[in-house]
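Visitor: Sequence:
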Amino acid sequence: MTTPAATPRLLARPGAPGLLALLLVVAGSVAWRRGEVFAGGVDPVVAAKALVSLLALGLAALLDARRGTGRRVGTASLVALAVLLTASVLGAAEHGTLLPSAVVAVRVALLAVTVRLLVRALGAQEVLVATVWACGVVGGLAALTGLPSIAEGRLFGGIPPLNPNEIALLAGIVLLGAAWPALLGQGRPAHAVVATAALGVLWLTGSRTSLAVALLAVLVAAVRLRRPQVGLVVGLGAAVTAGVLVLASTDLVVSFAERTDASGNSTLDSRFIAWSAALDWADSAWQWAMGAGLSVKLIPVAGQWWNEQLLDSSWVSVFVQAGLVGLLVAAGWVVACARGLRTLPPQLWPLAAGLLCFVVVRSLLESGLFDATPALVVFLTLALAGERGTREDVAVPADVPRSQAVGSRG
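Per the numbering used here, the very first residue in the sequence shown carries number 118; after that it's consecutive.
Derived from the structure by calculation, the hints contain no laboratory data. Note that the structure is predicted; figures quoted are calculated from it, not measured. Be aware that a few hints might be false.
Said to hold, decoys possible - If you anchor each label on the Cβ, the simulated ranges turn out as follows:
(1) 455 / 317: 26 to 34 Å
(2) 226 / 449: 29 to 37 Å
(3) 179 / 401: 40 to 48 Å
(4) 400 / 270: 34 to 42 Å
What the hints assert, rightly or not - No farther apart than 20 Å at their CA atoms in a straight line, the calculated lysine to any residue pairs in the SDA-like style are these:
(5) 166 / 140
(6) 414 / 224
(7) 414 / 152
(8) 414 / 148
(9) 414 / 220
(10) 414 / 210
(11) 166 / 226
(12) 414 / 395
(13) 166 / 210
(14) 414 / 226
(15) 166 / 258
The beta-carbon is built from N, C-alpha and C at its ideal position, and this holds for glycine as well.
Construct the entire structure; sequences and hints are all you get.
Guide: Here it is as structure tokens:
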């Protein structure tokens, strides 16, 4: 007999309550307005997002109370996040951004508690599968309703109005989810269709970082691959052949790689400008240690015709927002999460390793890993799954080895 824990039927819809909860989590963690930075205050959009987040938390609590599985989930990740959030709030109090930063910190804390409740109620594997589905629904809706924006050069979201990099994040998660069954020898044509669609969306967004890191993450997920399916080999061969033809006959890749921002600078050059400014932004030892608060997304720049620049890196962002304390805690948290991969069951490892590679490596050039975003949902789920204190006490069928049970510790 085969159980869901042993066979990841990704395109088989996860349980309705879990899927609904993750849809609420993902929908509440993406942007509902384009190009705006939260500066405090309440308006209909802020209130609606808060309501969605509270509904997700309530549903997660209900699922946790009703399941009664005996599953244990560690707390180390929540402690690390709490230290980071506390540092950011203390820094914001000194910097003068206490109110908006406290609101963002509460939003992140609610997201973290919701994810932990869901992991305890459903297990890490089901949460990750439901997250892939939720990202596909939200990202697919944004991409389809935003198709006319391709005429401007990049795919922007329609409903919700996501920017290209946000759509690319969701598409990368879906790509790795669709590749997962194939890496376990269980791939079907439907998985190939989903993976191809996700790859196409990644290309249309023009997000070079997400596309490159997503392909790298697929390779990382395939590290333990021993006997690839014939369809997987044929599909990869066809993809490589098509890629070579594109490289040889068009300038699409060149134009893709040489994209500039509104100022005419290379987007990577613009990032370097912001990163350099982040090195000397603080005017006191307290600000160096604790940062300026999670609401700080822009940093003043000098020597340019513009006055401030977006912090396009999760690591530069966490340094500015939570100081050296937050930066060191975040780095230790990522290392602990990577170490935790070795404790995961074999069937979950390819998806977990690929997703961790994607969200962490992508975070070097994109912001949001330590904010209320889908990237944090994925990272926190993986961190909780690999914690020493996480253990599953639910009954496992006799014909399924204990090492194959989701969340077990052998």
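Visitor: Determine for every hint whether it applies to the structure shown.
Guide: Hints and how they fare:
no.: 1; hint: 455 / 317: 26 to 34 Å; verdict: holds, 30 Å
no.: 2; hint: 226 / 449: 29 to 37 Å; verdict: violated, 19 Å
no.: 3; hint: 179 / 401: 40 to 48 Å; verdict: holds, 46 Å
no.: 4; hint: 400 / 270: 34 to 42 Å; verdict: holds, 39 Å
no.: 5; hint: 166 / 140; verdict: holds, 13 Å
no.: 6; hint: 414 / 224; verdict: holds, 16 Å
no.: 7; hint: 414 / 152; verdict: holds, 11 Å
no.: 8; hint: 414 / 148; verdict: holds, 14 Å
no.: 9; hint: 414 / 220; verdict: holds, 14 Å
no.: 10; hint: 414 / 210; verdict: holds, 16 Å
no.: 11; hint: 166 / 226; verdict: holds, 14 Å
no.: 12; hint: 414 / 395; verdict: holds, 11 Å
no.: 13; hint: 166 / 210; verdict: violated, 25 Å
no.: 14; hint: 414 / 226; verdict: holds, 18 Å
no.: 15; hint: 166 / 258; verdict: holds, 18 Å
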